Amino acid sequence: MLVWSRPGRIVLWLLFALIFGVLFLAPLAVILLSSLADQWNGVLPNGLTTEHYTDVVQGQAWNAVKASLVTGFLASALALVSGTWAALALRVQGATLSTVLGLLFFIPSAVPSVSVGLGLLVAFSHPPLLLNGTIAIVMIAHFVLISAFTFGNVSAGLARLSPDFEQVASSLGARPAYRLWHVTLPLLAPYLVAAFGLSFALSMGELGATVMVYPPGWVTLPVSIFSLTDRGDIFAGAALTMILVAATLVLLLGLERVTKRATGA
Amino acid sequence: MSAVAFTGTSVMDIDAAKIRGAGSNVHFDKVSVAYGSHVVLHPLTLDIAPGEILAMIGPSGSGKTTALRAVAGFVRPASGRIRIGATDVTDLPPYERGLGMVVQNYALFPHMRVEDNVAFGLRAQGADKALIGERVKDALATVGMATFARRYPRELSGGQQQRVAIARALAVRPRVLLLDEPLSALDAQIRRNMVEEIARLHRSLPGLTILYVTHDQTEALTLADKIAIMRDGRVCSHGPTTELYRRPPNRFTAEFLGRANLLPVTVAEAVGSKGFATARHGDVVLTGAGRDEEAGDKSLLCIRPQHLSLTAGGEHTNRIVGTLREVHWQGELTHLVLDVDGTPVRVSATKLPVELPEPGAKVPLFFAPADTSLLPEDAGV
Ligand SMILES: Nc1ncnc2c1ncn2[C@@H]1O[C@H](COP(=O)(O)OP(=O)(O)O)[C@@H](O)[C@H]1O
Ligand SMILES: [Mg+2]
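Line order of the protein sequences matches chains A and B. Position 247 of the first sequence, counting from 1, maps to 247 under this note's numbering, and the rest follow consecutively. Position 325 of the second sequence, counting from 1, maps to 325 under this note's numbering, and the rest follow consecutively.
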């Protein structure tokens, strides 16, 4: 539905700005303001301060950032490898099998993440699979939740890849492993990076499952934010949220630069 | 397998191979291909001689790509065997067949420079560095792209990309070069130049066996030693290019390979010792080149538009009269469309009489028996 008339376009833009502003920017702005608020009784904060930032930075902030980054990185890397592997493996299977297995991959996304956490907790609470109270179980929870997205992204990339590239490579004498490494994966690189970025962002914000399984000493940013606000420490929670947003943004921008350089775009 | 083992090949051997010609024959032995229950290639038996260019030509969906991909190893025949040289390749994976393949959309690896694209096959086969360097230079020079070695594919035009794709296939010194509509993505002018270049390329590599798939009759007529015409998954005719053009064995071939006027006739006198028969078109008696026609056979007399003349004389002993309908002047050629007793007849003439007849006028047309060919009347194959 293209709108060409000038007033029509202005109305559309206003509508877009309204939706975007109200749904996306307003909550973020409120969090930003509360992270800097001294007291907040009226419509606007009574005064501004950076006290909450100094508080959280002196408190648990760095440990939380570290826990989140390490978890996000490891879980995403693992999800990338297994999601790519699964996508490549399913491609050569029959259409029915790959549809069924493809759907299986997405089930964890449809289940509340709290239930995923609970399931892992129960499943891994008896020897020999005793992982309760370890960092590993946090990684596993994140991995289970994000691998569907890497799988989905890589599958989409593969579907868009013309079979000609790989066939020409084969006909020139490239064995499957050589072809995978020198043709398929490089051509998939943009999708791999996008998948990794998306997984990382999802992992950085994951709360439901993490809350169920995290051990003491491995408190991720969302869990810290949750416990701060749960205790009524709204302003500190807001400050920590801003740190989370900043960390994720820096990460995604960095990834984008890496992709641009790698693909020469 | 031996064709992909490059260990021990020296630069000296390359030139020797070039002179000797590394081509092998390709043999389809009752090869059929089916997707599920849908047969797309009916048992096909066909031989491509070493050093020959076979053009496989036919309408879209006739099974040309399928046949080519069966040679390359991407389609498994439902039955039959494929041999390249002395090797039965039917069960070999594509990477052990020692072929070069060029596809319509070039499929250059976008993340590699031109030189790395061309080096790809040799690197994949583990050839040594010195050999790769030499071959890449050689292959790029062959297609006139030596100065573009450091470019990325996206920095090249379509024609240049296709040359690189050809160089990439040549660099591995394939036993057989497979080309699937290599020029279809290019525009007309560049396509004409590329056809000539491929012809030149083949003259410089006379030993190279080429399977050239196209739907363009001009490409096929220009390049091919032999042509196989495909229709609905079958070869409906196969033979040396000029012979197939001059003496098409059936109506489909006559009409697919160039333009053809087909006059319905009844054979009056069987083919004589000189290879000619006489036939009646209405009251008109015509002489045509025949095969084994018998008196009384219903037949079609095929005459190419450029063999019809508005003036009598010389060999042009056949004469028919038509009503002029349309005149299309196209610079080099003028196309006339006439109506001969309900059959549309086209004439392509380079020279026209000074006074061109008006549409509606009765115009006599003259042609030589040697330029005609009698075909069986049954429509199709
Ligand atoms: N992967 C496939 N699955 C099912 N049918 C196919 C497949 N590839 C080709 N076909 C069918 O096989 C027939 C021949 O195709 P193709 O060899 O590509 O024809 P051409 O190259 O002459 O245009 C067509 O009818 C096409 O629809
Ligand atoms: Mg085709």
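Hints are supplied without guarantee of correctness; some may be wrong.
Far from chain A, by Cβ distances over 12 Å, these chain B residues were calculated [as the list claims (entries may be wrong)]: (1) Ala72; (2) Gly73; (3) Gln104; (4) Tyr106; (5) His111; (6) Asn117; (7) Gly121; (8) Arg123; (9) Ala124; (10) Gly126; (11) Ala127; (12) Leu156; (13) Asp187; (14) Val271; (15) Thr311.
Simulated pairs of lysine to any residue, SDA-like, Cα-Cα distance not exceeding 20 Å [said to hold, decoys possible]: (16) Lys260(A) with Arg154(B); (17) Lys298(B) with Thr323(B); (18) Lys129(B) with Tyr178(A).
To be clear, the hints were calculated from the coordinates, so they are not data collected in a lab. Please read these numbers as outputs of a predicted model, since none were measured by experiment. Just so you know, even glycine gets a beta-carbon here, dropped at the ideal spot from N, CA and C.
Each hint, compared with the structure:
no. : hint                     : result
1   : Ala72                    : 5 Å, violated
2   : Gly73                    : 7 Å, violated
3   : Gln104                   : 8 Å, violated
4   : Tyr106                   : 8 Å, violated
5   : His111                   : 5 Å, violated
6   : Asn117                   : 10 Å, violated
7   : Gly121                   : 3 Å, violated
8   : Arg123                   : 8 Å, violated
9   : Ala124                   : 4 Å, violated
10  : Gly126                   : 9 Å, violated
11  : Ala127                   : 9 Å, violated
12  : Leu156                   : 14 Å, holds
13  : Asp187                   : 21 Å, holds
14  : Val271                   : 47 Å, holds
15  : Thr311                   : 52 Å, holds
16  : Lys260(A) with Arg154(B) : 15 Å, holds
17  : Lys298(B) with Thr323(B) : 24 Å, violated
18  : Lys129(B) with Tyr178(A) : 17 Å, holds
Hints 1, 2, 3, 4, 5, 6, 7, 8, 9, 10, 11, 17 from the earlier list are contradicted by this structure; the remaining hints agree with it.
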